[in-house]
Every structure is written in structure tokens, then in C-alpha cells.
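Enquirer: One letter stands for each residue in the lines below.
2 protein chains.
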Amino acid sequence: MKNIDVCLTPDLLHLHKDTLENSIVVVADVFRATSCMVTAFAHGVDCIVPVATIEECRQWQERGYYGAAERNAKMVEGFELNNSPFSYMDERLRGAKIAMTTTNGTLAITRSRNAVKVMVGSFLNLEAIARYLRSQSYDVLVLCAGWKGRPNLEDTLFAGALIERLKEEYSMMEDSAIMAWRMYNQGKNNLPHFLANSSHIRRLQRLGIHKDITYCLQHDLFDVVPVLRGNALVCIEA
Amino acid sequence: MKNIDVCLTPDLLHLHKDTLENSIVVVADVFRATSCMVTAFAHGVDCIVPVATIEECRQWQERGYYGAAERNAKMVEGFELNNSPFSYMDERLRGAKIAMTTTNGTLAITRSRNAVKVMVGSFLNLEAIARYLRSQSYDVLVLCAGWKGRPNLEDTLFAGALIERLKEEYSMMEDSAIMAWRMYNQGKNNLPHFLANSSHIRRLQRLGIHKDITYCLQHDLFDVVPVLRGNALVCIEA
Numbered sequence: 001m002k003n004i005d006v007c008l009t010p011d012l013l014h015l016h017k018d019t020l021e022n023s024i025v026v027v028a029d030v031f032r033a034t035s036c037m038v039t040a041f042a043h044g045v046d047c048i049v050p051v052a053t054i055e056e057c058r059q060w061q062e063r064g065y066y067g068a069a070e071r072n073a074k075m076v077e078g079f080e081l082n083n084s085p086f087s088y089m090d091e092r093l094r095g096a097k098i099a100m101t102t103t104n105g106t107l108a109i110t111r112s113r114n115a116v117k118v119m120v121g122s123f124l125n126l127e128a129i130a131r132y133l134r135s136q137s138y139d140v141l142v143l144c145a146g147w148k149g150r151p152n153l154e155d156t157l158f159a160g161a162l163i164e165r166l167k168e169e170y171s172m173m174e175d176s177a178i179m180a181w182r183m184y185n186q187g188k189n190n191l192p193h194f195l196a197n198s199s200h201i202r203r204l205q206r207l208g209i210h211k212d213i214t215y216c217l218q219h220d221l222f223d224v225v226p227v228l229r230g231n232a233l234v235c236i237e238a
Numbered sequence: 001m002k003n004i005d006v007c008l009t010p011d012l013l014h015l016h017k018d019t020l021e022n023s024i025v026v027v028a029d030v031f032r033a034t035s036c037m038v039t040a041f042a043h044g045v046d047c048i049v050p051v052a053t054i055e056e057c058r059q060w061q062e063r064g065y066y067g068a069a070e071r072n073a074k075m076v077e078g079f080e081l082n083n084s085p086f087s088y089m090d091e092r093l094r095g096a097k098i099a100m101t102t103t104n105g106t107l108a109i110t111r112s113r114n115a116v117k118v119m120v121g122s123f124l125n126l127e128a129i130a131r132y133l134r135s136q137s138y139d140v141l142v143l144c145a146g147w148k149g150r151p152n153l154e155d156t157l158f159a160g161a162l163i164e165r166l167k168e169e170y171s172m173m174e175d176s177a178i179m180a181w182r183m184y185n186q187g188k189n190n191l192p193h194f195l196a197n198s199s200h201i202r203r204l205q206r207l208g209i210h211k212d213i214t215y216c217l218q219h220d221l222f223d224v225v226p227v228l229r230g231n232a233l234v235c236i237e238a
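Top to bottom, those sequences are chains A and B.
Okay, so the first sequence: first residue is 1 according to this note's numbering, each after it adds one.
Okay, so the second sequence: first residue is 1 according to this note's numbering, each after it adds one.
Watch out, some of these pointers could steer you wrong.
Straight-line C-alpha distance at most 27 Å; calculated DSSO-like pairs for lysine-lysine [to be verified]: (1) B/167 - B/17; (2) B/188 - A/167; (3) A/148 - B/188; (4) A/188 - B/188; (5) B/2 - A/2; (6) B/188 - A/74; (7) B/167 - A/148; (8) B/188 - B/148; (9) A/188 - B/167; (10) A/148 - B/74; (11) A/17 - B/74.
It is worth saying that the hints were derived from the structure and are not from the lab.
Please take these sequences and the hints and turn them into a complete structure.
Expert: Following this line, the structure appears as C-alpha cells:
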């Protein structure tokens, strides 16, 4: 039986270095980086290059890429794209190439490069990811992007949601996976309510983006499977 | 209002270094280091020196201390004391001095030295710890010892149990604390059942120590408050 494990924050990724090379990593930064990426692919974006710094993002922009930069949950000036998923529902982005840097999500992606495959997950493409993973023979590690090294509730809930979808085919051997799965089952009937007191929700609510939160918690909106190929995320057929 | 936070494993302690100096740290290694310590104090032990290595433990032993050493959940040869709490229920230990090294718990204690105070928590002395903390003006950080750097279920549940006791006087600002508290409330009516699939329970059950697990999950058996003074844990009046 395949195994599914959860790394609650990139600051604990060192604990998985022996298994990373034999696992598919699913990176989740539900609020909002990976939800933005999934939305972008669902609207026809060609590729997304996750980069670590704002400077790198500018360099890609100079080569004709659309730029998207976020720090501390706010958009950085001088880039075309917002860090709200709604800004990716744009016909002009069909076929576009994007460079993106965010506080947590893009870093989690670039730090997982040694894995068999790096995929991007969100509630929006939960079943698409689950279906793809079922077709593969590898173990799975869900990497929660967290917030500046700290575990967070929303990405942990995503990990639990993915486990719930895969629990017939995968075993969960480690407590982080058990915790994520239990947490999701406790909150799944009303995720917005369950998340109401979380630190990031409070952070985002101060920014007045309640609409983004509600949107990002919807399950299975899009049938897209973004994977890292070289330095770019591309969408593959599930 | 005072704040209570949770660090799910010593491998995330770097995230708390700015607040550690203004916080009381409660270290929990429920299975079984801190439960052993609390049991020892409840049975009249004078002090317990937590040490990092087996070699150090031997050196203290040569100075007349009782030695207790555990690695990978098993007792190390050549020391008087077992790593089962039942081995501390011994009249001969009244007034004794003990040196102890364990896989996770003692390391978590020694790494917290910069805190205002380092205390030892377990379900066995939950209310004693809660009562002491209420009398103090400092914020609290619960440090879960985890397993070799990984978060575990039982120590997270302890953190949640302590938050449940303190929730009127303390706010929980961070998601780790919210997760621990939610997890405890989900499992509190039947902790042995809730923990049945956890990785450490499976590890311990292979060792045939079901009795220890049941014992360590009992709440409020002892009114003892162990704190670190210099290099030794001593029991203070709550």
C-alpha cells in the first residue's frame, strides 16, 4: 500500500529528505498562492514560473512574462497581477506565461525540487489531484506552505481533505497525517466557520478579502493538475 | 490578556526565539519522559537533572545520582531506572537525585533554557500546571517534545488540554494553538481510542506497554509543579 504523509511547514522539510526522492510532493498554499495558480491554469494560462525573490520576478517580467508578487498577504507594486484568484479569471491571460513570487507558497515549491514530482494543490482542484495520484505508484507527501515557517490551519485542512479522498489506497503512518485528517473531518461540514479564528483569516479579513476566502474553500471547481517541469509549472492531463 | 502558544516540535523552536525570553515554557513528552518525571516528584524524588547524552548520564551516576536513560522508546542498559512511570513509584527514591536522558523530552527541556521558566507538564499534573500559570503574568509556550523532530499526537493533545484549562485567561493567537485545542476537544472523551492509530502508540504497543499508555493519559493525579532551576528540575509549591 502506498503511504501518504504530511509536512506541516517547509521548516520541517528536513525531516523528509530521505523519502522526498521517492515521493510525489503536493504543495498547498490555499490562501492564496496555489488557489491562484489553479485558477490561472483553469483559465488557460500556459505556464507559471515560481520564483523566490521580487527581483527575479522583475527579470522574468522583462522577458515578457506577466508578473505576480505578494509579500505579507499584499500585492507588491509594479506587477500586472494581483494575489487574488479573481484577477486570474481574465481572457487576456489565455496562453500567457506568468512569473510569481509569494511569501510562502512559491518557496515551498522551489524547496521540493528533489521530489519525483512537485504538484500544486488546492481545494479547487482537490479531486483532480487525487485522481492523478491514484494513477501513480509513488508515496505522497503533502507540503503545507504555512505562514513564515509556522503551521497553519487552512493548509493542514487541505492535507486532511486530500487524505480523505485517498484513504482507501494510501496508509497514513505518521501523526501529522492523522492530525490533518482528523482536523478536516472535524471541520469539513463548515470550513469557513471552522477557520473563522485562524490567524491567516484574521490577517486576510483585515485586508477585506472575505470573497477570496469563500472562493478558495470551494471543492473541485477545476479539473487541472499543475506540475513542476524544469523551472515552470505546467498543466498536465489528469 | 496573556497569550498561549504551541510549538509542535523542538525543530520549530527557532520560530519562537523572540518570544521565548518573555514566556514560561511548558515541555510535554507525555509518552513517557515528562509523565515519568511528574510521577517521580509525586513519589518524593528530590531533583531530576535532564541531560542530552548517555555519557553525561553515566557521569552523574558516578556522582551518586540514579540514572535513567532511554533511546528509541527502550531502556538503555546499565542504569537503575526504567523509562516506565511505574518504576518511579518506589519508596527507595524518596529524596533521591536522578539524572535522565531520553530521545525527545530531555532535549526539549535543555533547548528551552532561555525562557523565563521551564516547567514539565503531563496529563498527570495538568491542573497543577494550569493553576501555577494562572498565578503568573507571563505568556505561555507549550513545547511538544514530539518524536525525533516530528509533531506527535499525544503531546499536541496535552497542549490542547492545557489550553482548555486556561482559555478564560489566555488568548490563542496562532494556528498551532487552535489546532491543538480543537484536536483535544475532538478526542477528550476517549483519549486512548483517539490515540489508537498514532505512530508512537504503535511503537509502544510493539513493546507491550499498554499499561503505561493508560496510566499517562489520566488527568490530575498529582499536585506537583516541576520547574528547571539551574541544571536540575525541582518541585515547587503551586
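Enquirer: Against each hint, give a clear statement of whether it holds in the structure.
Expert: Results for each hint:
1. B/167 - B/17: Holds, at roughly 24 Å.
2. B/188 - A/167: OK: residue 188 of chain B and residue 167 of chain A at ~24 Å, within 27 Å.
3. A/148 - B/188: violated (31 Å)
4. A/188 - B/188: It holds: about 20 Å lies between the C-alpha atoms, which stays within 27 Å.
5. B/2 - A/2: At roughly 44 Å apart (the allowed maximum being 27 Å), residue 2 of chain A and residue 2 of chain B break the hint.
6. B/188 - A/74: Judged against 27 Å, a Cα distance of about 39 Å means the pair is violated.
7. B/167 - A/148: holds (26 Å)
8. B/188 - B/148: holds (25 Å)
9. A/188 - B/167: holds (24 Å)
10. A/148 - B/74: Violated. Residue 148 of chain A to residue 74 of chain B sits at ~36 Å, over the 27 Å cutoff.
11. A/17 - B/74: Status holds; Cα separation ~26 Å.
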